[in-house]
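Number of protein chains: 2
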Amino acid sequence: MNNFQFYSPTEFVFGKDTENQAGLYVKKHGGTNVLIHYGGGSAVKSGLLDRIKKSLEKENISYTELGGVKPNPRDTLVYEGIKLCREKNIDFILAVGGGSVIDSSKAIAMGVPYEGDFWDFYCGKKPEKALPVATVLTIAAAGSEGSGDSVITKENGNLKRGAGSDLIRPRFSIMNPQLTCTLPPYQTACGATDIMAHVFERYFTNTTEVEITDRLCEAVLLTMIKETPRVIANPENYDARANIMWAGTVAHTNIVGVGREQDWNSHGIEHELSALYDCAHGAGLAVIMPAWMEFVYKHNVLRFAQAAVRVWGCQMNFENPENTAREGIKCFRRFLHEIGMPLTFAELGAREEDIPALVEKFGIGDGKTGGFVKLSAKDIENIYKIAVSPELI
Amino acid sequence: MNNFQFYSPTEFVFGKDTENQAGLYVKKHGGTNVLIHYGGGSAVKSGLLDRIKKSLEKENISYTELGGVKPNPRDTLVYEGIKLCREKNIDFILAVGGGSVIDSSKAIAMGVPYEGDFWDFYCGKKPEKALPVATVLTIAAAGSEGSGDSVITKENGNLKRGAGSDLIRPRFSIMNPQLTCTLPPYQTACGATDIMAHVFERYFTNTTEVEITDRLCEAVLLTMIKETPRVIANPENYDARANIMWAGTVAHTNIVGVGREQDWNSHGIEHELSALYDCAHGAGLAVIMPAWMEFVYKHNVLRFAQAAVRVWGCQMNFENPENTAREGIKCFRRFLHEIGMPLTFAELGAREEDIPALVEKFGIGDGKTGGFVKLSAKDIENIYKIAVSPELI
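From first to last, the protein sequence lines stand for chains W and A. Going by our numbering, the first residue of the first sequence is number 1, and it counts up by one from there. Going by our numbering, the first residue of the second sequence is number 1, and it counts up by one from there.
Don't read these hints as lab results, they were simulated from the structure. Keep in mind it's a predicted model, so treat the numbers as computed, not measured. Glycine included, every Cβ here is placed at the ideal spot set by N, Cα and C. Fair warning: there could be bad hints in the mix.
[To be verified] Distance ranges between label pairs, derived from CB positions:
1) A:Gln-315 - W:Gly-41: 50 to 58 Å
2) A:Asn-20 - W:Asp-17: 46 to 54 Å
3) W:Asp-17 - A:Ser-46: 50 to 58 Å
4) A:Glu-360 - W:Gly-47: 50 to 58 Å
5) W:Glu-236 - A:Thr-182: 51 to 59 Å
6) A:Glu-80 - W:Gly-30: 35 to 43 Å
7) A:Glu-261 - W:Asp-166: 32 to 40 Å
8) A:Met-316 - W:Asn-60: 53 to 61 Å
[As the list claims (entries may be wrong)] The calculated DSSO-like cross-link candidates involving lysine-lysine, where the alpha carbons are at most 27 Å apart (straight line), are:
9) W:Lys-125 - A:Lys-28
10) W:Lys-27 - A:Lys-126
11) A:Lys-54 - A:Lys-70
12) W:Lys-126 - A:Lys-27
So that you can see chain W by itself, here it is in the shape it has in the complex (with noise of 0.2 Å):
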C-alpha cells in the first residue's frame, strides 16, 4: 500500500424531502448571498427550485439564479457565472443538478477570486482560493458531490478537460433519491456506467497489497450490480435509487481509491468521443472501458480474474484463469447491454474514420498515459478499434 492524503470534509445529508434543508445548511456553512446554478427546465417544472428558494428564503439568504448547464458543461457559461458573481457580490454556490451543474459550479467558484483565465486551471494550475460550493444532488452519476474535482468543455475547440482541488469539495450535498426517480432508464443507465467506470479506474492497479479498497471497490460494484436493473425496471424504486445514490458519492471521495496507484485511461479516451460528439459521457464509458479492459487483461491476468470472480461471479479457471479473466470482461459488457448502454462505435454515433482526429485530440504525442498500464498514441487508436468491432461481447 502506498502512503495517501485523504480528506472528504463534506457533510453529506441523504434522503427523503432533505431539499428543504438546503437554506439551513447554507447558512450553517456562511453562506449570505447565494448563485443558484442549475441545468434544464426540470428542476423549475418538477416545483425543486422553488422549494429550494422558498427555504433560503426561509433563513433570509438572498439569490441569483443561473440555468442553462448543458451536459458536457460549457466554459462559455462559466464566463458568464463568474461575471455574474462578481457583479452581485455572490458568497456561496449551490448546485442544484447533477454532475456537469456541479462541475460548471466548481469552475465558477475557483474563476471568481481569480485574476486570470479560469482555464487555467483545467490546464493545470492550482487554484489558491474559491468560494464555497454545495449541491443538492438530482442524478447518481459523477460522484461530483463528493469530489474536488470537475470536467469543463471548451466550446471553442471541442478541448474536455479536468481540474482538482480540495477547495472545490462540496461544503454540504443534500441526496434526496426521490429526486432521481424521474429520470428515464438511459440516463439512469448512464450515471450506473459512470459511477462503475469510477471504481474500475482505481480497481485496475499496479499497486499490491490493497485488500481493503479491492474490497470496498468490490462492495461498490456488486451493489451497482444487484440496484441498477431493478431501477431499470422500475424507476421509481426508492431503495434502489437510495443504495445507487449512496454507492456513487462512495464511488469518488476516494475511500475505496486511496493508498493505489489508479489508471484513469477509459475516462481520458471517452472524453475525447463525448467532447467530439457530445454524447453522454456514462455512454462513451460503456463503449471504451470494455475495450481498454479487452487491450490491457494481458497486463494483469489475476487481476482481471479476481475481477471476474469476485464481481461477476464467475467460478474461476484453474488451468485457465485467461478465460477466467475475458468472461469477466464478456460479464461486463452484457451487463451494460442489458441496462440499455451502448457497446460499439455504432451504437454510440460514433465514426471509425474519426479515429484519428480523436487520437490527436487526446494530445499525447509521442509520449504516454496512464497507471496501470501506460499508453501511446498507437495503443489509444488501437483501442477506439476495439470498440468499432469488439471481440469479448
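Once you have looked at the hints, place chain A on chain W.
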C-alpha cells in the same frame, strides 16, 4: 434505507514516517499551544514522542505533555488534563496513542471550555464547544481517530460510559502502520476483534434495502479475515498492518453504517466486563459478541446466513438456512480462537457468580435496549450465561 447525515471532516495522513508531519498539520489546523496526551512509556521509549516534539518545535509550536493514560481511560486523568489545559492556555490537543488516549483527549477537549463537570457529557448532555483534537495513532482498534465518540471509565464505581459529538471528531489523524508493528500479538488481536465488532454492530439491523452498506461492512470484515492472521504470524508485516489500520478507520467513521438502524448491545454488555475486570475491550468483545449472536440469531436467520455465506465463505444450506446461520457464528469463534482471543468467561478471567452484579451495573431496570433485538435485563443475563459455556463453539 433510512434518511441520514454523514460528516467525516477528519484529514487522514496515512503511511510510513508520517508522524514527522505532526507539526505541519497542527499549524494547518490552527494549533499554537498543544497538549501532547499519551499513555505509558512505549511512546517515549520508541522515540515517537521525541519525533513529534521535534516536528512541533520546527513549526514554533509550544507544548505541554501529559502521559499516563491507561486502557479503559479514567475520569481522574481527564480532570487533571482539564486543569492543566486551563493553566497553560492550551488551544489544541494532540493524542499520541490508541483509542484510550484519544478518548481521554476528547473528554479533556469537551471539559476545558465547560463550566460544569465533564462527566455530564457521558450522561447524555451534548457539548456546545470543544478544543480541537487531533491524533497520531499507534494502535488499530477503536476507530476513535475518525469518530466523534469517546468512552471513559469513572474510577469511583467502575462506570464505563460513552459520549458523542461532531465537535470531538479529530481535525487530523496521522496513521503510520509502522508504529503498530511493535504491538504484541494479543493486543493486535484485541484490536482486530474491536474493528470487526464495530462492523457487526452495524451489520445486524432491521433496516431493509441497505445493500451498499451491507457490502461495505462485508468488505471490511473480509479484509480483517485475510490480514489479521498475517500480522499474528508476522507482526512486522507492514502491508497487512496497513490494511488493518485503514480498515479500522473505515469501520468506525460510520460510512459503513449510515442509513440503517444499528445494534450496539454487545459493546454495552462488554463494557461491564472491562469496567469490572479491567480486561481488554477487544478480548471482552470476543467473549460477548458471539454469545450475543447465539442468543439473537433466530430473530433473522437469513441475515445471519448472509453473513455466513458472504463473510465466512460458508455454503448456503438452502434446505436449512438455520444451519448456515449457526455455521457462521462457529466460524467467527474459530477465527477468534485462531488469533488468540478468549471465547469464554473462564478464558477471560470473568466469574459466573458476578453475573447478577454485571447485569445490575448495566442498569436498564425494567426497560429494554438495543437496535437489532431489544434486550431486557433477563436477556442480558442469559447472554452472559452463554458466554460462560457457549454452544456454537
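| said: Hint check: A:Lys-54 vs A:Lys-70, CA-CA at most 27 Å. Holds or violated? | reply: Judged against 27 Å, a Cα distance of about 25 Å means the pair holds.
| Is the hinted pair W:Lys-27 and A:Lys-126 satisfied, with a Cα-Cα distance of at most 27 Å? | This hinted pair holds, its Cα atoms lying about 21 Å apart.
| How does the Cβ-Cβ distance of A:Glu-261 and W:Asp-166 compare with 32 to 40 Å: does it lie in that range? | Given about 33 Å between the Cβ atoms, the range holds.
| 50 to 58 Å as the expected CB spacing between A:Ser-46 and W:Asp-17, which holds or is violated | holds, 52 Å
| request: Check the following: the C-beta atoms of A:Met-316 and W:Asn-60 are separated by a distance inside 53 to 61 Å. | output: holds, 58 Å
| task | Indicate whether the distance between the beta carbons of A:Asn-20 and W:Asp-17 respects the range 46 to 54 Å. | result | Holds - the Cβ-Cβ distance for A:Asn-20 and W:Asp-17, about 48 Å, lies within 46 to 54 Å.
| Is 50 to 58 Å a correct range for the gap between the Cβ atoms of A:Glu-360 and W:Gly-47? | holds, 56 Å
| CB-CB spacing for W:Gly-41 and A:Gln-315 relative to the 50 to 58 Å hint | holds, 54 Å
| said: For the hint 35 to 43 Å, verify it against the beta carbon of A:Glu-80 and that of W:Gly-30. | reply: holds, 37 Å
| Pair hint outcome, W:Lys-126 versus A:Lys-27 [Cα-Cα no greater than 27 Å] | holds, 21 Å
| field | W:Glu-236 paired with A:Thr-182, Cβ distance criterion 51 to 59 Å | value | Given a distance of about 55 Å, which is inside 51 to 59 Å, the answer is holds.
| Are the Cα atoms of W:Lys-125 and A:Lys-28 separated by 27 Å or less? | holds, 22 Å
The structure shown violates none of the earlier numbered hints.
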